[in-house]
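Protein chains in written order, with UniProt numbering: chain A, 1 to 782; chain B, 1 to 285; chain C, 1 to 178.
Hints in this document: simulated from the structure, not taken from any laboratory.
On a predicted model such as this, the values are computed, not experimentally measured, just so you know.
The reader is advised that the hints may include incorrect statements.
Some chain A residues close to chain C (C-beta under 8 Å, calculated; not the full set) [to be verified]:
{"#": "1", "residue": "Ile18"}
{"#": "2", "residue": "Gly22"}
{"#": "3", "residue": "Tyr118"}
{"#": "4", "residue": "Arg121"}
{"#": "5", "residue": "Gly246"}
{"#": "6", "residue": "Asp277"}
{"#": "7", "residue": "Phe701"}
{"#": "8", "residue": "Met706"}
{"#": "9", "residue": "Lys708"}
{"#": "10", "residue": "Ala782"}
Once the Cα atoms are required to be at most 25 Å apart in a straight line, the calculated DSS-like pairs of lysine-lysine come out as [as the list claims (entries may be wrong)]:
{"#": "11", "chain 1": "A", "residue 1": "Lys649", "chain 2": "B", "residue 2": "Lys281"}
{"#": "12", "chain 1": "A", "residue 1": "Lys444", "chain 2": "B", "residue 2": "Lys29"}
{"#": "13", "chain 1": "B", "residue 1": "Lys44", "chain 2": "C", "residue 2": "Lys5"}
{"#": "14", "chain 1": "B", "residue 1": "Lys29", "chain 2": "B", "residue 2": "Lys44"}
{"#": "15", "chain 1": "B", "residue 1": "Lys19", "chain 2": "C", "residue 2": "Lys5"}
{"#": "16", "chain 1": "B", "residue 1": "Lys281", "chain 2": "A", "residue 2": "Lys443"}
{"#": "17", "chain 1": "B", "residue 1": "Lys89", "chain 2": "C", "residue 2": "Lys119"}
{"#": "18", "chain 1": "A", "residue 1": "Lys164", "chain 2": "A", "residue 2": "Lys311"}
{"#": "19", "chain 1": "B", "residue 1": "Lys50", "chain 2": "C", "residue 2": "Lys119"}
Cβ atoms here follow ideal geometry from the backbone N, Cα and C, with glycine treated the same way.
Below are the chains, spelled out letter by letter.
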Amino acid sequence: MPNVFGTPLKRREDPRLITGKGNFTDDIQLPGMLYMAVLRSPHAHARIKRIDVSAARQVPGVVAVYTGKDLEGKMGTIPTAWLVPDSDIKTPPHHALAVDQVRYVGDGIALVVAEDRYTVRDALELIDVEYEELPPVVNQEEAMKDGAPQLHEGVPNNIAFHWKAGEVPDEVFDRAEVVIRRRFYQQRLIPNPMETRAAVAQYNPSSGEMTIWCTSQNPHIHRFILSGVLGIPETKLQVVAPDVGGGFGCKIAVYPDEALVGYVARDLRRPVKWTEDRREHFTTTTHGRDMILDVELAGKRDGTLTALRIKNTANLGAYLSTAAPGVPTILFGLIAPGPYKIPKAAVEVIGVLTNTTPTDAYRGAGRPEATYQIERMIDLFADEIGMDPLEIRRKNLIREDEFPFDNALGLQYDSGNYHRALNKALEMINYDQFRKEQEEARKKGRYLGIGFSTYVEICGLGPSKVAGAVGFQGGLWESATVRVHPSGKISVFTGASPHGQGEETTFAQIVSQKLGVPVEDIEIVHGDTNRISMGWGTYGSRTTPVGGSAIAIACDRVLEKAKKIAAHALEVSESDLDFEDGAFQVQGVPGKKITFQEVTLQAYLAWNLPEGVEPSLEAQSFYDPANFVYPFGTHICILEVDGETGEVKLKKYVAVDDPGPVINPMVAEGQVHGGIVQGIGQALWEGAVYDENGQLISGTFMDYAMPKARFFPAFETAFTETPSPVNPLGVKGIGETGTIASTPAVVNAVVDALKPFGVKDLDMPLTPEKVWKAMQKGRREA
Amino acid sequence: MIPSAFDYTRATSVEEAVKLLQAAGGEAKLLAGGHSLLPMMKIKLTSPGKLIDIGRIKELSGIRKEGNRLVVGALTTHRQVAADPLVRKYAPVLAEAASQIGDIQVRNRGTVGGNLAHADPASDLPAVALALEAEFEVQGPDGKETLDAGGFFLGPLITALPENSILTSVSFAIPPEGAKSTYLKYPHPASGYAVVGVAAVVSTGPDGMVNDARIGITGVADTAYRAEEAERALVGKKLSEQTILEVAALASEGQEMASDLFASAEYRRHLTRVYTIRALKRLLI
Amino acid sequence: METGKVNVTVTVNGVRRSAMVEPRMLLVHFLRDGLGLVGTHIGCDTSQCGACTVLLDGEAVKSCTVLAVQADGSDVTTVEGLGDMENLHPVQEGFWEKHGLQCGFCTPGVMMTAVGLLKQNLNPTEEEIREGLEGVLCRCTGYQNIVRAVQYAAARMSESEGHREVAAAGDDSGEGGR
């Protein structure tokens, strides 16, 4: 059998993508297709007094114009799908087009449908709206105050939910030898996949069937929700995620726009396309982060950590997006103690609505925030007691023999060898040497810094009963169908919906490994609700641990049946057979064998099947994992701060990640690279900024600094492979580790570099001016 | 985003373009490479009713040496300037700056004339135009005239270019033999425009003393400017680390610093000093 | 708003294409909507991301910042014309070999930019490649494998350039084969 597990196979999705033959949503052209565009509110908070669409209607080529009032009662509101339990959650209605009140800059007000892209935009400008401006509130702490502007009826003080986990009495902190208290602001980020969102809808009036192609990370969730919003049964609604140009969480949510495209296509009985432009993306696609974290960490002078307590005040924006409530609570809170043995922990989260773009999952979703605070806190703790940041980690990291490990908030970490990853990363730098160089450099007025991040992540979402217990309105299992065709070629249907992560390749490797069939003979089918029975999609680094495991199990079921047929054909008992090199071999009788292909053909011909065995060779798995999985690792960043300008120059970056057995090291390394850059983006450059009127003042690529190639050195990456006992492949996730680990590694390194200036902490992004001002303050105080 | 609709005319000569401009009565804008204008039109910062495309007027392209000046046609692209042997030989600082504008794609398409006439306060070329005492050849309804760089940049996106006139070429003074020059820039991480850009051209006499210094600075104020006080302070002194430190503080003298999300006025003033120091130090070698 | 259309003739990937277009029609929309060449993508409105990069008369340009009328009479090469699976361009080959793409959305523009970069500098250093990528944004790869892909292509291209030079130098007639 070809040993393809662990091989850096070139990706099978690439041929179409490098020759311009990909099929992204905006590439879809249908006969008679119309274009839709949405008029967005320029105000953060206002009442709509009057809308005059008559001029827009008169533009030649305009087919229809709709306002929120036109649609009221004709389609459902856009729901949230994560009702965090015991949190008194409020779910104010989110109309696809605002009816009488707009609540953020970007809120949809009206839409135009026209014959072409240009006309529709021209007509949009001719819609005349009279607003009565209302005072906006953009900051979550301001929004909670008495007297603050209220966004929705029935949501007093704009508090959408209040959630708690764990408890640590005050006296634990009162009596602790050392207590560190720090506030961190996790700034707001714009996901900015390079493909903006888009949707195309086609309705067949004679059959009542509708197809919606859209930029989705989870087409079945889109179908589930849109079916309800549009009133089209799932039997007649097909949702397709074609090639999707990156998601990073922002294509999980179901937005008004996809629903509107469907509504309009049905109403006008013509295909309709909508494509967001980048400016719209900045204001209408969900943002990430925006959490204020007040953290207390208690411990002893010897470096032992004893208790962690966090209050997270999260900005949810104007409406509750699909997964939004789960991000600052479940995904952030439960993993907050990180990889350290902290016996007591408590997390309190207040979710607040404001006049800003709704927030939701963004690569890492909750876990980068959790990792950031604990990795920063442990450095601050070490600094306070005069301990090396490496030593305090070594002392508190969970040891290999302590797994499975129950953390203080009820999670059970599956497996790990944290010290091994740390040691491997240390082998890639020379720590002692670095400290000497740092000392020498400081004497010359050069400021080098080193930062560690020894993270653990919770991913592979997840067991469905846990999903239910934490309020997620869906399951988190995954489906796989492995269909062996008569020729022995194989189609695999997965409910996961990869959009750049490379599973068309890595999933084929799993099947190849299991069934001994060359990867060229295996097709991975995903992203189409009519072809795949059910699926929950790609997010939370679940695709390989959950979706891949489902495939592995389905393969096992195929083999099980094939073995029966093989034994029958060879007239031996099943226990006499070994499956190797793509054939069933009779033990001890060299040459007496039947190939997998021959068995397959027999399964289809069905001329001579064993008693009770049905024809065909196909198996399905609906795999529900027993637990989450917990990848971990160590990232180390070495950088230099320009003592005159505050500019941060990355010099060396080392990443050791442990995602369990690595299926395709090239693809896995690519995931790590991308993740690191996205995490460093948060640390150093990215930040969505609103002014007090709720205008997004970092609303283009001219202002919002996306990471560019020249900002980075080449990263040095490596893996350790500690299998997870949770799933049959032993795999964990790799899609988010880089983002989770890198942000604190970089900030820790900058703070380390700035030690001579007495700097303890800085708010991200660490722009040159911020760093310079911190140095100036240090110089004045020195 | 798409531009609003407009009428389009392709001019085949400068004279024709001027006539078209006049006939449009202020409604028209000139289109050269389009790399300053089209982005503004796409986000509707400007929506001219008429565009006059001068992009194919051959005589507006090219680089030649005339006496002690380099004449660069308005339509010459940044890439052509950056790679041109004459520019690299006689005005290397111009090539250095041109090679740092935007990115490869922008340099392939953006033009010197379009860039300077657009007068973005964070654009690179104005700093060099000032430091190389550029002269702007302009053709209008009343014929040709020459404008000095010193009086050309009036404010953000505002120049002394007369109405209905076309910038046809820009000539740059070739620094005296032995002069040293450099352009040093701190690019905005998102836009790539200069947060600060310093073009410095310094000549030293036989006595080892600076006898001419020209420093153009962009990105920090509402228009590029010459750091005249710093220049004066350099003349007559030996260019040394000590001198540089003394004069750099004067680089933002008398200028009101701009402020935005990325850099406050205070920080820009500081950066101006630091980048002036660093630019001048490059000339020590 | 009543504006006359103008005739535009562009040779795209070696094929002459004519159309009447609004003067404001961006080259990228002409290619995508007009000619159905949807391999060229649009990623922003402000000429930053470079997803729309094509070769215009052999040079990399952002087709969202060029009017179709400006390209009248020119040659345009899009990703569809760069090479197909039977005959991949070294840059395409590099992106495949070195995992220089993930979601693949920015990829056509990044590859065309790389072609433009290598045209101006066939032996770029890693730093020059990273600077050469200033005009493109990729949210997936972290750029490292894009850099490797460009290095791979540069090596392949200078190898075959070298072969051609050797062949030309060996040609005593002086005519050369180029």
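Verification of the hints:
1. Ile18: holds (4 Å)
2. Gly22: Status holds, d = 5 Å.
3. Tyr118: holds (7 Å)
4. Arg121: Violated, because the Cβ-Cβ distance from Arg121/A to chain C comes to roughly 11 Å (cut-off 8 Å).
5. Gly246: At 4 Å from the nearest chain C Cβ, Gly246/A passes the 8 Å test, so the hint holds.
6. Asp277: Where the cut-off is 8 Å and the nearest Cβ of chain C is about 6 Å from Asp277/A, the hint holds.
7. Phe701: Holds, because the Cβ-Cβ distance from Phe701/A to chain C comes to roughly 4 Å (cut-off 8 Å).
8. Met706: Hint on Met706/A: holds, closest Cβ of chain C at ~5 Å, below 8 Å.
9. Lys708: holds (6 Å)
10. Ala782: violated (36 Å)
11. Lys649/A with Lys281/B: holds (21 Å)
12. Lys444/A with Lys29/B: Violated, at roughly 54 Å.
13. Lys44/B with Lys5/C: Between Lys44/B and Lys5/C the Cα gap is close to 21 Å, so the pair holds against 25 Å.
14. Lys29/B with Lys44/B: holds (14 Å)
15. Lys19/B with Lys5/C: Within the cut-off at roughly 22 Å; holds.
16. Lys281/B with Lys443/A: holds (22 Å)
17. Lys89/B with Lys119/C: Within the cut-off at roughly 23 Å; holds.
18. Lys164/A with Lys311/A: holds (9 Å)
19. Lys50/B with Lys119/C: violated (36 Å)
Of the hints listed earlier, those the structure fails to meet are numbers 4, 10, 12 and 19, in rising order.
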